[in-house]
Structures are given as C-alpha cells and as structure tokens.
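A.B. asks: As a plain string of letters, each chain reads:
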Amino acid sequence: MVAYILRRLLGILPVLLIGLTFTFFIIHLAPGDPTTRFMDPSMDPALKEKIAERFGLNDPLHFQYFLWLKQVIFHFDFGNSFNSGRSASVIVFDALIPTILVTGLSLLFGLILGVLGGIFSAINHGNRVDKIITSVMLFFFSMPAFWLGMMLLGLFSIKLDWLPSSQLTSIFHDQLNIFGRISDYAKHLILPVLALGLSSTATFGRFIRSSMIEAMGSDYVTAAEARGISRGRIIIHYGFRNALIPLVTLIGFTIPVLFSGAVVIEVIFSLPGMGRVMVNAVLGRDYPVILAASTCAFLSVLAGNLLADIFYGIVDPRIQVYREVK
Amino acid sequence: MKNNSRKNSEVLSLKKSGQLKLIYKFLILALIILAACGGSKKEPDVKLGDQIKDQVVDGGTLVVGIPGEPDALNPLTALSKPARDIISLIFRRLADVNEDLYSFTPRLAKEWIFSHDSLKITFHLRTDVQWHDGKPFQAKDVVFTHTLQTDPDVVWDGISYKEDIQLVYAENDSTVVYEFRKKIPTMLMDAVEGYIIPEHILLEISPKDIHTSGFNRNPIGLGPFKFVNWISQQSIRLEKFNDYYESGKPHLDRIIFQIVPNNITLWQQVLSGDVDLMENVPPRNFIRLKEDWDAGEKDIRPISFLGRQYDFIGWNLIDHENYSIVMDEAGQGEPDISRLLKPNKLFGSQKVRAALTMAIDRKTITKIVNHGLAAQMHGPVPLIWWVFDESANEILPFDPDGAKHYLADEGWTDSDGDGILDKDGVKFSFEMATNSGNERREQTLTLIQNQLHQIGVEMIPRILEAGLLFGRMLPSRDFDAVLIGWNVGLKMELTSLFHTTSILYPFNFVSYSSSDFDNWEEIAKKSLNKEITRDYWNKVASRLSHDLPYTWLYYKMETVGLNSRFKDVKIDKRGVFINVEDWWIPTDVRTKTDMLGNR
Amino acid sequence: MINKRKIVSHLWQNHSARAGLLIITVVFICSIFAPLLAPYDPHDQNLELLSKPPSLLHPLGTDFFGRDLLSRLIFGARVSLGVSLIAAMIAVVFGTSVGVISGFLGGWVDRVIMRIVDVLLGFPRIFILLLAIGFGRPSVWLLIMVLGFLSWMEIARIVRGEVLIIREMAYLKSAIALGLSQSRIIWRYILPNISGPIIVSATLLMGTMIIIEASLSFLGLGVQPPMASWGAILNQGRLDPLGAWWISTFAGFAIVTTVVGINLAGDGLRDILDPKSYLPKP
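Chains as they are written, first to last, in the numbering used here: chain Y, 1 to 326; chain F, 1001 to 1599; chain V, 2001 to 2282.
These are computed hints drawn from the structure, not numbers from a lab.
All values reported here derive from a predicted model rather than from experimental measurement.
There may be inaccurate statements among the hints.
To be verified - Quick look at which bits of chain F chain Y covers, simulated, 3 or more residues with Cβ under 8 Å: (1) 1151 to 1165; (2) 1247 to 1261; (3) 1362 to 1374; (4) 1575 to 1586.
Claimed, not checked - Simulated restraints, written as ranges between beta carbons of each label pair: (5) V:2008 / Y:218: 28 to 36 Å; (6) Y:49 / F:1424: 42 to 50 Å; (7) F:1068 / V:2055: 37 to 45 Å; (8) V:2105 / F:1229: 53 to 61 Å; (9) Y:56 / F:1151: 18 to 26 Å; (10) Y:49 / F:1114: 50 to 58 Å.
In this text, a Cβ means the ideal position worked out from N, Cα and C, and glycines have one as well.
Assemble the whole structure, with the sequences as input and the hints as a guide.
C.D. replies: Encoded structure:
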C-alpha cells in the first residue's frame, strides 16, 4: 500500500511539471503586458523599462522560466505579486481556505443528500416518490449553479435580508465566542454551499439510484432475499456497497468540477477565495499569482484523486491488482 | 430625526479643510475655482453640516465598502483607488489644496515663504506631530520622502511633479527648503505633492525592495487614524490615533473598510445599514435613492458632485499598418514623423469625423447611460479646470441627415444597396473597442452602434480586457476607434494627449498633430498671466473641438451614498475623505457597529 | 446497428424523453425561425421604454436599452445553441478520434494519451477557460474552440473503454486476422458499434456546454455584444436584480428548460442505446 502511494506520488510530479510549464509559457507569450497597470501619461518610457526590469521581464523567456523553476523547486518561492508586492504563495494560501471550505462543504452536502435521495429513490423504484425525486434531481442537475446562487442571494439576502450577502465573517466576528463564531461562519456559508451543493446532489443522487436499481435486480440480491435477509440489510450491504466503489471515482471527477463552480459562486457571494484571486490575477496579468494559483489548483485536485485512489484500495483490495493489469 | 438632518443639510458648513486627492494624475498645471460646470448644471457641492458645534461627541464607527483589495498602503507604491483613500487617512502632506483648487491649507507645514527670486520655498514644520509609533516628526522625514519619491528604483507615480525641483534640504529639525530650477506657476503644488513617510522605519529598506516591504501592509503614518489590521480580501481596520496633532480630533473611534467586489451586493449592504459609505453607487440605484430621500423615506444620504472622469471616442487618425514602418524610421533619426504618417482611410478626414459626431446622439447617451448624472462634454478642457469655457468649443448638433450629407460629400454612398455605405468598393465598417468591466461604456457602445447603423455605418463593438487594449492595441495603433475615459488631473496640460511629439508615446494614440495646438498649448501652460492662460486654452479648445480627434461624450458625476447619522461631513470634487477627522455621530442614532470594541 | 426510426419511436414511448424531445424541438424551431417568430428586432432600441416589466406589448418586458426581451431570448437561442452545438461537435470528433486511436493501438500510445487525459480532466476547467479567454481576443470562434477542445477528454475516455471491449470480440479479431487495413477496421467495425455511447454523451455534453457558456458570460468572457447568448442576457440582468428582475429570471428559465430538455432526451437515449452505462458523466 505504502509503495503504491509513493509510486502514485512520484507519478504526480511529471504531470504537475508539464502542466505548470504549459501555463508558464501560455501566460508569458499571450498578449498583454503586466507593466501597463502602471501606465500614466506623464510617465517616462524609461520608467516602464525599470518596472519590467524589476519584474524580471526583460530576460529571455527560457531564462525566466528556469529561474522561476529553480525558485519554486528549491525554495517553494513563487515570487512576489506584481500588483501588491506580497508573496504570491501567501496570497494564494490566504485565498485557499474559503475555497476549500466551500468546495468541501458542498461536496459533503451533495454527497449526503445525494446518497440518501438516491437510495430512497431506488427503493421506491417506479412509483411516485421515485418520480418526484428524479425530477427534482434532474432540475438541479440542469441548472447552472451560479443562477441558483443568484436567485438564492436575491431572495434570502437582498429581498428578505435574512442572511449576509457577502464575505466570510461579519465585522463583529472577533468579539464573538466560539459558538458565535461558528454560527457566524455558518450564516455566511449556507447560501454558497446550498447553491453549489444542490447541483452535485443531483450528480450523486442520479448515480446512486441507477447503480442501486441495477444491484437490486441482480441474482445475488434475489438470492439474499430468498435466504430471508432483512430488506434494510440488503439495501445497505448488497445495494449500496455495490455502488460505493464507482462512487469514489465519481467523487474524484466531481472535485475539479466543484472547484470550478466554487470560483463562480465566490464571485457571486463576494467570498475572499481563489476565484477572486484568480480572476484579478488573470485580468491584471499578475504572472506570479497566476502560476501560484495554478500550482495550487493542480495540487489540490491531484491530491483529491490520490485520496480517491487510496480509498479505492481500502474499500476493495482487488483494485490494485486490477489497475496493474490495466 | 430624519427631518432634522434634512434641515441641517441645507445649512452651509463653514468648516474648512482640504486634502488633495489624486486618482490617476494625468494632466499637469492646476488652479482656481470652478464657477459653473456644464452650462445649466450648478456645482452640486455637498453642504451637510451641523451648526451647533457644542453637540459634537466622540465615538462610533464608519464602515466603508470598497470594491477591491488595496494593492499596498504605502504612499510610494500604491496605485489603486481604495489604497489611496485609506492612505489619505493614515498619512499627511505638508499642505492640502483647498476647494478652489488654487490655494492651500497648511498641514504638516505651519507656513511657507517664497524667496525673493521665487526659486525657493521655505517650509516651517509643526513641531507637535508624532508618528503612530510615538517617534517625533522632523524635517529629515520630509527630505527623506523627497529622496525616495525621486529615486528611479522606486518608480513613484507622482514623479513628474518633482521634475523641476533641484534640491530639498533641512535647515534645522523644523525647517525644510525646496529649491527649483526655474520659475513655474505650480511650484507650491509640486512641492507639497505626496504624503510624508517615516525615515526611521524606511531608511533600512533599500529603494529596490520598497515594493515588497512589510511596510506596505503595516504602515506607520501620522494622520488622524492608525492602521490596526488587514484581513486579506476581507477588511482593513483603522483606529483613532489619540496623539493626533489636531487636538480633540478625530471624533470617530474607528474606520473599517469592507471589501465587497460586487457593486449591487455592496449597495444592498448600504441600504440595510451594514455599510455606511459607498462610492460609485450605480446611477439607477442612486436615482431611486434620491427619490426616496426627497420623500423622506431613507436614511441614506445621496451625494453627487462633478468628479474627475470623462469618456470619449478616440478616432485613429492614421493608417496603423504604416505606423510601425514610420516608427522604425523615426528611430533612425527622422524627426518629423507626423509628415510620414498616412491618414486613416476612414477617420483621416475631418468631415467624416464631424459626420460621425453628428450621427451620435450625445445628449441621449449622456442621459441614458448615466441616468442624468453626467454633463455633456464637447471639447478637450475638463469641466473642473478654471479655464473651462463652454462657448469656446465648436458644438455640432445631433443631425443624422446632415451627417449623411457630409459622408456623401466625402464619397460615401450606399451604391450596392446593402444598407451600409461604401466608397471604391470599401464598406464603411469598423470596430470600436472598449475595456471590459465597465457597464457604462458597454451601454454607450450599444447605443452608438444603433445610431451609426441609422446612417448606414457599421460599427462592431469590441469589449476587450483592459491590459490588451491599453497595453497592446493603443500603443501599437492597432485599432479603428476606441471608447474610453481619462481621469482629470489638477495640473492643466494636454501635451501627452495631443502634442505632435507625443505621437511617439502611447497616449497620443489617435496620433493627432497640429502646429497650432503645439504652440498654443505651450503658451497656455507656461503663462503666469491669467488672461493669456485663459485665452490660449480657449484657442486650444476651439481648435480641437473643430478637428475632432476625439468625439467627447460626457463628464461623469460621482455618486456617493452615506448613512445620514454622520454629521459635519464635507465631500466635494477633491474626494470623499477630505475631512473625516471632523465627522461625528450623535449618541441617539448610534448603531450596533458604533459600539464595536466597547464591550 | 442503429435504426434511426426505431430510436425515435422508442424515445417517443418514454414519457420524459418525449417531453425532452418536445422542448428541444421547440427551442430549435425558435432558433431557426427566429426572424419570423420574434415580435421585434432584437437590436431595436426603444428609448421610451427602458427596462419595463412584462406587459401585453412586451410579454417578457424590455431590457436597459428598451429592447424586447422575448425577441432577444429567441435570437439568443441561436447563439447559445449554435455555440454549444458546434463546441460539442468539436469535442465529439476530437474525443472519438483520440479514444479510438488510444484504444485500438494500445501500448505506450494508449498510456501516454490516457495520462494526458487524466491531467486535463483533473485540472479545474474554469482556470484554463479564464486563461484562454482572458489572454486572447474574445470572439465567438475562440469561445467555441476553447469550449470544444476542453471537453473532449470525457468522450475520449468513454470511447477508449468501448474500443477496448470491442477489440476483444471475435468478429474484430477475425477482421484483424483477415489483414484488413486499420482504417477499414476502424470505420467499418469499430465506429458503428460504439456510436450509441457517443451519441448519448454528445447529447449530454451539449447541455453542459450551454451551462459553461453561461458561466463564462457571467464572468464577462462570453460572446460580444450586440450578439447575446442566454448567458449574456442573464448577466446583463444582474446589474439590477430587483429593479429589473425579469431579465435574469427569464434568461435563466430559458437555460434551465433547455438543459432539462436535453438531459431528458439524453437519459432516454441512454436507456435505448447504451443501457449498460449508468455512470452520469460529470
């Protein structure tokens, strides 16, 4: 197992390197110039040169690349933001927490509700309950998460003023006790998580339902029923177990999708996360921040996949063998 | 309560205070009063005050909503608007310009004296000023500030103010002398520009490293408020500086800047009372607020005033394919580039530009996209400059039929009957670019497209990311027409926009060249005589409004929403935070946020 | 292998698939006959009627320029469907080619290709979209290209899986043994047998494309005015969510209805064409 994880980790590195190299050259070769932010009509063109020099943009590109790579690999230093002069990795790290919070909670929310809904729907396969659940899921599955977010924001924050419409904490946060703080976070996160979570609920629910129905119709379930095993036990041990392994794969696929969704949702709910950092960095041509954010996105997603793989191995030890053969 | 404050708002506040707030400095030379702006529009200066001074009480919180994370709270490196606002509360200048944009109010300097030859200004500094860390403020701080401001490694964006200053030195701990190279009309303005920074903190940092120094996120100043903390992408907190040199001030306990990138969300927070102050209220919301306020239904005060920004269409006067060739030759010592440039096949003709201007219903555009919160603009002189004179401009009427005739005279007719004009087989079709993220300009573009369509001109809107537009397309002249705006500086100059020599630089991107303009603007800029200055600016205005390198559209009004519980507020064209140290909140209208920190 | 008439009649018997088919038909008719169906010219600005709520004259209201919202949505269907259709086609063609090559050739080619697919699939798509569109000159074709070339991976994966199964079948083994050319084997024996899953994923992909296009417009990176996709109209309404609620609401409604229709039809198709696959493609 340990060897397997190590091998997988080693496998990640070249992938990461290729991805980042690609990103590095795209952003440096694309039109647009980071120094234009400092553009001022009364400014001497020589000063512009000075700025470019400070950002290290005057060196040949391959030279810039290797310098950057060296700094990243040996010092984990992504350089300083062109915009604020802060360390790019610090900026990204600050922004990562809210994004992970939104992504993680949405995943959890979607998973719990989706699994329950899927099981419930499968048990009632064919009758009205199933149809209602299926339709509701299809509806959320077909809805852009940001539109749902906009509607929730419009209704609960703007129209009714029940919940805050932006930020992660209120200005009173520092004065609250521990429970107050948690409920302060909860109030700010409930709408974004709902908006993002509902669409993933549908993804999971639809999947669980199909594989449960398939399993419930299989011979071994019929056999189990014949042996007089209780229905609840059959649902959990035979039906749901069967769906568990592909579910893990599905989670692996869903994480990057949720991450992308979180970026948009953050923009709607003005959350201080990766979305805002990335959008601002791209628009402001803030190369160090773009690269740091990309690295971070890569890493988190690859880590998610790795975790899924490991979990896979735990749920079903045959998987490793299977993967080797494949 | 509400009625009360309404009455108070009509009482003129006699409080004097000032602070020059630069957004992006742009034009150079400054001065005097603005009497009328844009014909019928009266200066909508805000007079919110309270005449009963005895009632002033300390305490309370101001929550300001800002649209984005400030870049740095360092006067030398900050460029973003939110950062400059916050800096204006933490730091001070030697003196601040008054509302007349001509005279100055002493700040860190008690007084100043011009030498007999008018080449030196001697500033006598206050001796009772402390930095937020308790160290005394001294003349060496001023000298140090000037050294860093002019250090090329720092790349301070106000460096052009200091061009004519030869030397700055301290005579003693409280006296600083500025020596100029030559006599110019703006010596005092040039000398006092820029916030003073602490030598004892920044001395150890090399000028190269100033952009990444910790000071940027943990500034030490000497203004009425001191920096407390900064939560990335969320909020910045300032607190009252108890040893501020003006005793008894500031009255507010703290100011919190909340970062809310979404305008609509932010506005909603102003309405619900979570945020007290917001700039750039979307015009349609502002108009609604104004109606409610006039009906006495809201306790958010709508404040509007003539700002610092105008929008225009820039026509590319030259053939851009030819431009790069010419630029290469110019590099080899060919001085007279304007002679080498070929005119643009569409906009090279003044008559075509006049026709396009006449086809654009500038009045309706001004009204619709700004919801009435803007003044029309017809020429190059910004409405807040004291030389502004509407009658100096040549004003073309909105006249689509006339426009068609003009174009027909130039040979543009619809010969193939497809609804679009053509000439020698070339269609009158072009792209007009604007930067993304500006709702007002995108709307204007849509309206213009429709209006040009009426006279048979096809305009394709292009909404481009700002870096691409300003960084690539304009400097390389690779565009047809562009809809953008300028921020108006307090110094009066148009050299970088229209002067022949500026064709080499990015800002005369329309590549305008006129020897009349070159001569007249030079005289207008340098003259120490008010009459001559005014006459020559009028000549410049009439020339440019005839030549139409730009079609000027509208001069924007600023829209601010402020919770009405704040008293003695003064907001005018110099900015929103010019007298925050005087603001106070009556005890009976305090809210939960005002009690923050007094558990 | 696939009988078109049989598919349609099967779809028609399935209630939800029928509903989906109807929705899609209506939307397609709207986009094809937009000039006939739209009550007004979608670019016509009536400056007397700026952002008016729904009325008899303008059933869905007008936008900030006094343009009729219904007409704009009908014409917007063209843009939204056109963009997502072409992008989905690019993804399908490219993804199928890659999948077939990978699965058929096997060996190191397969390993390399699948590694690349893993990387691209793992990276949050929105970042790539932001980079591609934020750094390029925005245009409809760039948008289509970016959408298309970022969505082929899932199809490639599915197709490869199918090809691997078919490769083990007796008839294919005999075809190879007979020495038929590779291209003939691919065209004659492989593609027809995997068309079911391809059609299903292509359909579902179109729904996803509409949503992604809308998200990009939301971030201000979509199609350029005066052209307006549903996403762009939706985004326009965001400027005044309370004062002009009808803009975002109806645009969002158009998106959701269409995507529901596509997904219903897609699910129906899957039941007929690809009954083994239950894994919803994320």
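A.B. asks: Against each hint, give a clear statement of whether it holds in the structure.
C.D. replies: Quick rundown of the hints versus the structure:
1. For the stretch 1151 to 1165 of chain F, the stated coverage by chain Y is satisfied: 6 residues place a CB nearer than 8 Å to a CB of that chain, which reaches the threshold of 3.
2. Residue count for the stretch 1247 to 1261 of chain F with a Cβ under 8 Å from a Cβ of chain Y: 5. That meets the three needed, and the coverage hint holds.
3. Evaluation of the coverage hint for the stretch 1362 to 1374 of chain F: breached, as 0 residues show C-beta separations to chain Y shorter than 8 Å, against a requirement of three.
4. Only residues whose C-beta sits within less than 8 Å of a C-beta in chain Y count toward coverage, and the stretch 1575 to 1586 of chain F has 0 of them, not enough to reach three; the restraint is violated.
5. With their beta carbons about 31 Å apart, residue 2008 of chain V and residue 218 of chain Y fall inside the hinted range of 28 to 36 Å.
6. Checked against the hint of 42 to 50 Å, the C-beta distance between residue 49 of chain Y and residue 1424 of chain F comes to roughly 43 Å, which is consistent with it.
7. Between residue 1068 of chain F and residue 2055 of chain V the beta carbon distance is about 39 Å. The supplied range of 37 to 45 Å therefore holds.
8. Look at residue 2105 of chain V against residue 1229 of chain F: about 60 Å separates their beta carbons, and that is inside 53 to 61 Å.
9. The hinted window of 18 to 26 Å between residue 56 of chain Y and residue 1151 of chain F holds, with their beta carbons roughly 20 Å apart.
10. With their beta carbons about 37 Å apart, residue 49 of chain Y and residue 1114 of chain F fall outside the hinted range of 50 to 58 Å.
Hints 3, 4 and 10 from the earlier list are contradicted by this structure; the remaining hints agree with it.
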